[in-house]
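Number of protein chains: 2
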Amino acid sequence: MVQRGAVAEDRGRVLSDLAHWLTETFGRRPADLAPYERALTHGSQAAANYERLEFLGDRVLGLIVAEWLYETFAGDAEGQLSKRFNALVTGAVCADVARELGVRDHLKLGKQARDDGASDSDNVLGDVMEALIGAWYREAGLDAARMFVRQAWGDRVKAGAKAPQHPKSQLQEWAAAHNRKPPEYRIVERTGPGHAPRFTIAVSVGKLAEATAEGTSKQEAETAAAKALLEKLG
Amino acid sequence: MVQRGAVAEDRGRVLSDLAHWLTETFGRRPADLAPYERALTHGSQAAANYERLEFLGDRVLGLIVAEWLYETFAGDAEGQLSKRFNALVTGAVCADVARELGVRDHLKLGKQARDDGASDSDNVLGDVMEALIGAWYREAGLDAARMFVRQAWGDRVKAGAKAPQHPKSQLQEWAAAHNRKPPEYRIVERTGPGHAPRFTIAVSVGKLAEATAEGTSKQEAETAAAKALLEKLG
Chain H
1 MVQRGAVAED RGRVLSDLAH WLTETFGRRP ADLAPYERAL THGSQAAANY ERLEFLGDRV
61 LGLIVAEWLY ETFAGDAEGQ LSKRFNALVT GAVCADVARE LGVRDHLKLG KQARDDGASD
121 SDNVLGDVME ALIGAWYREA GLDAARMFVR QAWGDRVKAG AKAPQHPKSQ LQEWAAAHNR
181 KPPEYRIVER TGPGHAPRFT IAVSVGKLAE ATAEGTSKQE AETAAAKALL EKLG
Chain X
1 MVQRGAVAED RGRVLSDLAH WLTETFGRRP ADLAPYERAL THGSQAAANY ERLEFLGDRV
61 LGLIVAEWLY ETFAGDAEGQ LSKRFNALVT GAVCADVARE LGVRDHLKLG KQARDDGASD
121 SDNVLGDVME ALIGAWYREA GLDAARMFVR QAWGDRVKAG AKAPQHPKSQ LQEWAAAHNR
181 KPPEYRIVER TGPGHAPRFT IAVSVGKLAE ATAEGTSKQE AETAAAKALL EKLG
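Just so you know, the protein sequences line up as chains H and X, in that order.
Just so we're aligned: the first sequence equals residues 1 to 234 in UniProt numbering.
Just so we're aligned: the second sequence equals residues 1 to 234 in UniProt numbering.
Hints in this document: simulated from the structure, not taken from any laboratory.
Glycine is no exception: its CB is placed at the ideal position from the N, C-alpha and C atoms.
A hint or two may mislead.
What the hints assert, rightly or not - Each computed SDA-like pair below joins lysine to any residue, with the alpha-carbon atoms no more than 25 angstroms apart:
hint	chain 1	residue 1	chain 2	residue 2
1	X	108	H	111
2	H	218	H	82
3	X	83	H	35
4	X	83	H	191
5	X	83	H	14
6	H	158	H	179
7	X	83	H	232
8	H	111	H	24
9	X	207	X	112
10	X	218	X	72
11	X	83	X	44
12	H	218	H	191
13	X	108	H	79
14	H	111	H	48
15	X	108	H	191
16	H	108	X	184
17	H	108	X	75
18	H	181	H	142
19	H	111	H	232
20	X	83	H	181
21	X	111	H	78
22	H	83	X	75
23	H	108	H	79
24	X	83	H	62
25	X	83	H	38
26	X	108	X	207
27	X	227	X	184
28	H	108	X	77
29	H	111	H	227
30	X	111	X	24
31	H	83	X	74
32	H	181	H	232
Unchecked claim - Stretch by stretch, here's where chain H covers chain X in the computed footprint (C-beta under 8 angstroms, at least three residues):
hint	segment
33	49-56
34	66-75
35	78-87
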């Protein structure tokens, strides 16, 4: 009984964290958490995973970005619009947005996928980002989805055909392009009091190169480490 | 002066025909015909052609079909949804819908493109269909576009992964698959009074085979001829 109570309490805390994060992310508390839980669930974790919502969300994102470009670049021919479009909806950019929003802390992965680094994979984060957009569209409609995407993608739309990449995405692409293992991040040190921690993170690409950096969150330290390693790699 | 008056009258008749057809097609008279004229204009005819609207309409159609499948096939996994999706948004199906709606009579093609058979090309008709959906979405919004697409695509969504094809699309694909020239249609005879004409059309695929059929419109006779030729070809 004690244990069952503890599990229920744990599940309650997870759901309340999720509701809080979704309210912050979408600007409104979702009526039902279930579709969002599903959007955050990888195939390795459950059959009720994000894949169907990603199928839908991919097209929601596509329309919103296409319309945005159509309006913003009234002088562009179709070829130029398509180039911009592809740069904005690519997995790396979706993953970049997902990282900014803190999607990673809410992912539900199976053990194997977690061990394989899925929680920082551009593929997984990008897919989940699209699935979340699909869930939000189902709940709130196109206007709300459009507002969300325009805010989350922000200046990327003006940044020209080649969207600026998050250093972690960039490093991951570098490793893939050079046939190296995906980057691995590990915590070297955690210091400071609970309310003001400092993290030191090391990132390495196989045995090729390593860099270390500090930050006030893991995410910040990882980003700084990826940036430092990219500079080393030229 | 007489000639200029005649040209203006001609243009007036074309626009009034277009307005009539659009009202029938979309169930409401468009406020401004210009975007629809553009959606019907091939690159061979003017720089203000359908390409930008097609870029947008492609994504409008994509979202509407994806959402429709998501709702209709609640038990399908993502892979099955994608297969159905690809079968429904392919150029041949868009062209099929365009033929049913009579898009062909309103196309604006340059002379060369007309001589090349663009007015019955799956590519051109499919692109124009998407551009029209883009124009209608811009004017009337997603709900109206969804109503239009669900009506125009109709039973195709339930027809399984392989959508039934219009005989003319089917014949065109057959010719391409067998490395033959595209089908050519020619009027053999036109009889009957103006209000009740009868057309006899012959269709051939290179020098390989030919079939002839009758109908009360060119379109009807061509469809019957394509069907007859497909039967001959086995």
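Original post:
Hints broken by the structure, by number, lowest first?
Top reply: 1, 2, 4, 5, 6, 7, 8, 10, 11, 15, 16, 18, 19, 20, 22, 23, 26, 29, 30 and 31
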